[in-house]
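J.: Residue numbers (my numbering), protein chains in the order written: chain A, 160 to 422; chain B, 3 to 266.
A couple of the hints might just be wrong.
As the list claims (entries may be wrong) - Capping the alpha-carbon separation at 20 Å, the derived lysine to aspartate or glutamate pairs in EDC-like fashion look like this: (1) 236(A) with 247(A); (2) 342(A) with 58(B); (3) 207(A) with 58(B); (4) 236(A) with 58(B); (5) 342(A) with 267(A); (6) 275(A) with 181(B); (7) 416(A) with 244(A); (8) 57(B) with 244(A); (9) 29(B) with 331(A); (10) 342(A) with 354(A); (11) 412(A) with 244(A).
As the list claims (entries may be wrong) - Computed, partial: chain A to chain B, Cβ under 10 Å: (12) 198; (13) 278; (14) 300; (15) 301; (16) 302; (17) 328; (18) 343; (19) 346; (20) 350; (21) 401.
Simulated from the structure, these hints should not be mistaken for laboratory data.
Small disclaimer: the values here were computed from a predicted structure and weren't measured.
Yeah, the Cβ is synthetic: ideal placement off N, Cα and C, and Gly gets one too.
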Amino acid sequence: MRKYLYIFKSKVMSNLQYVFDLAGGMIGYFLHIFVFVYLYRYLYMGEKDIINGYSLNQMIWYVIITELIWCILGGRKLCYKISKDVKDGNISYNINKPYSYIGYVFFEHLGDIFIKGIIFTIFGMIIGFLFIGSFPNHSILSIIVVIISCILAMFISILLIMIIGLFAFYIEDSNPFYWLYSKVILVLGTLLPIEYFPTVVQGILKYLPSYVVAYGPAKLFVSFSVNNTIKILVAQVIYLFISYLLCVLIYKKGVKKLNVNGG
Amino acid sequence: MLTEVRSQIKVTMLSIKYAIMRELLNKVTFISNIIFMILNNASFLIQWLVLYSIKDNFGGYTFKQVILLWGMAAITYGFSHFFFKNAYHLSDTINTGRLDTFLVQPKSVYLQAITSDVTVSAIGDILYGYIMIFVTGFTIEKFLLFTFFGILGGISLTAFIIILGSLSFWFSRTDIIVDTGESLAVNFATYPDGIFKGIVKWILYIALPVGIVNYIPISIISKFNIKLLLLCSIYCILIVLLSIFIFKKGLKRYSSTNLMNARV
Chain A
160 MRKYLYIFKS KVMSNLQYVF DLAGGMIGYF LHIFVFVYLY RYLYMGEKDI
210 INGYSLNQMI WYVIITELIW CILGGRKLCY KISKDVKDGN ISYNINKPYS
260 YIGYVFFEHL GDIFIKGIIF TIFGMIIGFL FIGSFPNHSI LSIIVVIISC
310 ILAMFISILL IMIIGLFAFY IEDSNPFYWL YSKVILVLGT LLPIEYFPTV
360 VQGILKYLPS YVVAYGPAKL FVSFSVNNTI KILVAQVIYL FISYLLCVLI
410 YKKGVKKLNV NGG
Chain B
3 MLTEVRSQIK VTMLSIKYAI MRELLNKVTF ISNIIFMILN NASFLIQWLV
53 LYSIKDNFGG YTFKQVILLW GMAAITYGFS HFFFKNAYHL SDTINTGRLD
103 TFLVQPKSVY LQAITSDVTV SAIGDILYGY IMIFVTGFTI EKFLLFTFFG
153 ILGGISLTAF IIILGSLSFW FSRTDIIVDT GESLAVNFAT YPDGIFKGIV
203 KWILYIALPV GIVNYIPISI ISKFNIKLLL LCSIYCILIV LLSIFIFKKG
253 LKRYSSTNLM NARV
C-alpha cells in the first residue's frame with residue numbers, strides 16, 4: 160500500500176505546480192451551473208414550489224454537487240490515458256514493475272484530482288451560496304457522511320472508467336464507450352434526480368451507476384436522512400466491490416491478448 | 003484571384019480527403035465513433051422529454067423546436083470540427099512553433115493552419131442534425147435552410163474560435179480562453195434563449211456566436227424571414243473577415259522556433 164500512497168503523493172506534489180491550469184475547468188463548471196440555474200428558475204416559475212419532492216434551491220444544490228463530482232473526476236483524460244497505454248503498448252512497461260497497473264493508475268489519478276477536488280469544492284460551495292444565499296441544513300455527522308459518499312462515488316467512477324478504458328484490449332478505441340457512459344451518468348442522474356423520471360423507470364435507475372456516482376451523494380446533500388444514507392452507502396459499497404473485481408478481471412484477461420510490436 | 007481561390011479549395015479538400023482515408027484505415031473505429039456520437043447527442047432527448055412532461059413550454063420553445071435547436075447546434079459544431087479541426091488547436095500550433103510548416107508552403111497559411119485534419123465523430127454530429135429534421139417533420143424547405151444555416155454556423159463558430167486562438171500571437175496560455183469560448187458557445191446553444199434574461203441575452207446575441215448562429219436560424223426555419231437570413235449571412239461574412247484580419251495581424255508578430263516538423 161505504501162508504494163501506492165507514494166504514487167498518490169508524487170502526483171499531488173506535481174499538480175501543486177499547475178494550479179493555474181484549473182482556471183479553465185472552473186470557468187466550465189461555473190457555466191454549467193449558470194445555465195442550470197436559469198433553466199430550473201424557468202422550470203419553477205409559475206409552477207408549484209415543490210416539483211417531484213424538490214424545491215428550486217434543492218434542485219440548484221443538487222446540480223452543483225453532481226456537476227462538482229463530474230468536473231473533479233476528469234474521466235475523459237483517464238479513459239484516454241488507459242486507452243492510449245493499451246494502444247501504444249506503454250502498458251507493457253508496467254507489467255514487469257512491482258505494482259499492479261490497476262493500483263498504479265487508480266492512485267495516480269486520485270493524486271491528479273486531489274488538489275482540484277479541494278479547490279473545486281470550495282468554489283462550488285461559494286457559487287451555490289451566491290446563487291441561493293443559504294446552505295442545506297446539516298450536522299457535522301451528516302456532512303461527514305456526504306463527504307464519504309462523494310469519495311465513494313469518485314472511487315466507483317474511476318474504476319468504471321478504467322474498465323471502459325481497458326476495453327481497448329478488445330477494440331481499437333474505447334473512447335466512444337466513454338462518451339456514452341458519460342451521457343448516461345449526465346442525463347440519468349447528474350442533471351435531474353431520479354424522482355423526476357416516471358415511476359416505472361425509477362426502479363431501473365436505482366441499479367444504474369448514475370445512482371451511486373451522481374444521485375446518491377447529491378441526494379444526501381440536499382435532503383439528508385438516515386434511511387437514504389443506509390440505502391446509498393450500501394449500494395456504493397456493493398458497486399465499489401463489483402467494479403474493482405470487474406476491472407481486475409478485464410485487465411487480467413486483456414493483458415494475455417497483448418501483442419506489442421517493437422518499442 | 004479566382005484561380006487562386008479554386009486552387010486553395012482544391013488543396014483543402016485534398017487535405018480532408020487524405021485525413022479521412024487515414025481514419026478509414028480502421029473501419030470499426032471509424033463507424034463506432036460516428037454511431038456513438040449520434041447516441042451521445044440523442045441521450046439529451048431524455049432530459050427534454052422529462053422537462054416537457056412538467057411544463058409544455060421552455061423560453062417560448064416547443065419540444066420540437068428544442069430538439070431542432072439541438073440539431074442545429076450539432077450540425078454547426080459538427081461542420082466546424084469536421085472541416086476545421088485544427089482551428090481548435092491554433093493556440094497550440096502557434097505556441098509550439100508548428101506554424102513554421104505552413105509558412106513555407108505557397109498556400110494560404112490561414113486555411114492550412116485550420117484544415118489538414120478531421121474529427122471523425124463530427125460526422126455523427128452532422129448526421130444527428132439531419133435526423134432531427136426527420137424527427138420534427140421533413141420538408142425540402144426545412145432541409146435546405148437547415149443545411150444553409152449549418153454551414154453558415156459552422157463557419158461562424160470556426161471564425162470565432164480562430165479569433166480566440168489568434169490571441170496566442172500576443173499572449174501565452176490562451177488555450178484556456180479558447181476552451182472557455184467553445185464551452186460558452188456549445189453550452190448556451192443547446193438551451194432556449196427565452197430562459198435567459200437581461201445582460202446574458204445580450205451577450206448571447208452580440209459577444210458569442212450563439213444567438214445569430216443558433217437561435218435566429220431556428221426562428222427562420224419556423225417562420226421564414228429574409229431580413230433575418232441576410233443578417234445571419236452578413237454576420238458570418240463579418241466574423242470571417244475579422245478572424246482573417248486578426249490572424250494576419252498576429253502572424254506578423256510570429257517568430258519561428260527551432261522545431262523540425264514535416265507534413266506527410
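J.: Could you run down the list of hints and mark each one as holding or not?
T.: Going through the hints against the structure:
no. : hint               : result
1   : 236(A) with 247(A) : holds (16 Å)
2   : 342(A) with 58(B)  : violated (24 Å)
3   : 207(A) with 58(B)  : holds (15 Å)
4   : 236(A) with 58(B)  : violated (38 Å)
5   : 342(A) with 267(A) : violated (25 Å)
6   : 275(A) with 181(B) : holds (18 Å)
7   : 416(A) with 244(A) : holds (14 Å)
8   : 57(B) with 244(A)  : violated (47 Å)
9   : 29(B) with 331(A)  : holds (10 Å)
10  : 342(A) with 354(A) : holds (18 Å)
11  : 412(A) with 244(A) : holds (16 Å)
12  : 198                : holds (6 Å)
13  : 278                : violated (15 Å)
14  : 300                : violated (33 Å)
15  : 301                : violated (28 Å)
16  : 302                : violated (30 Å)
17  : 328                : violated (14 Å)
18  : 343                : holds (7 Å)
19  : 346                : holds (5 Å)
20  : 350                : holds (6 Å)
21  : 401                : violated (24 Å)
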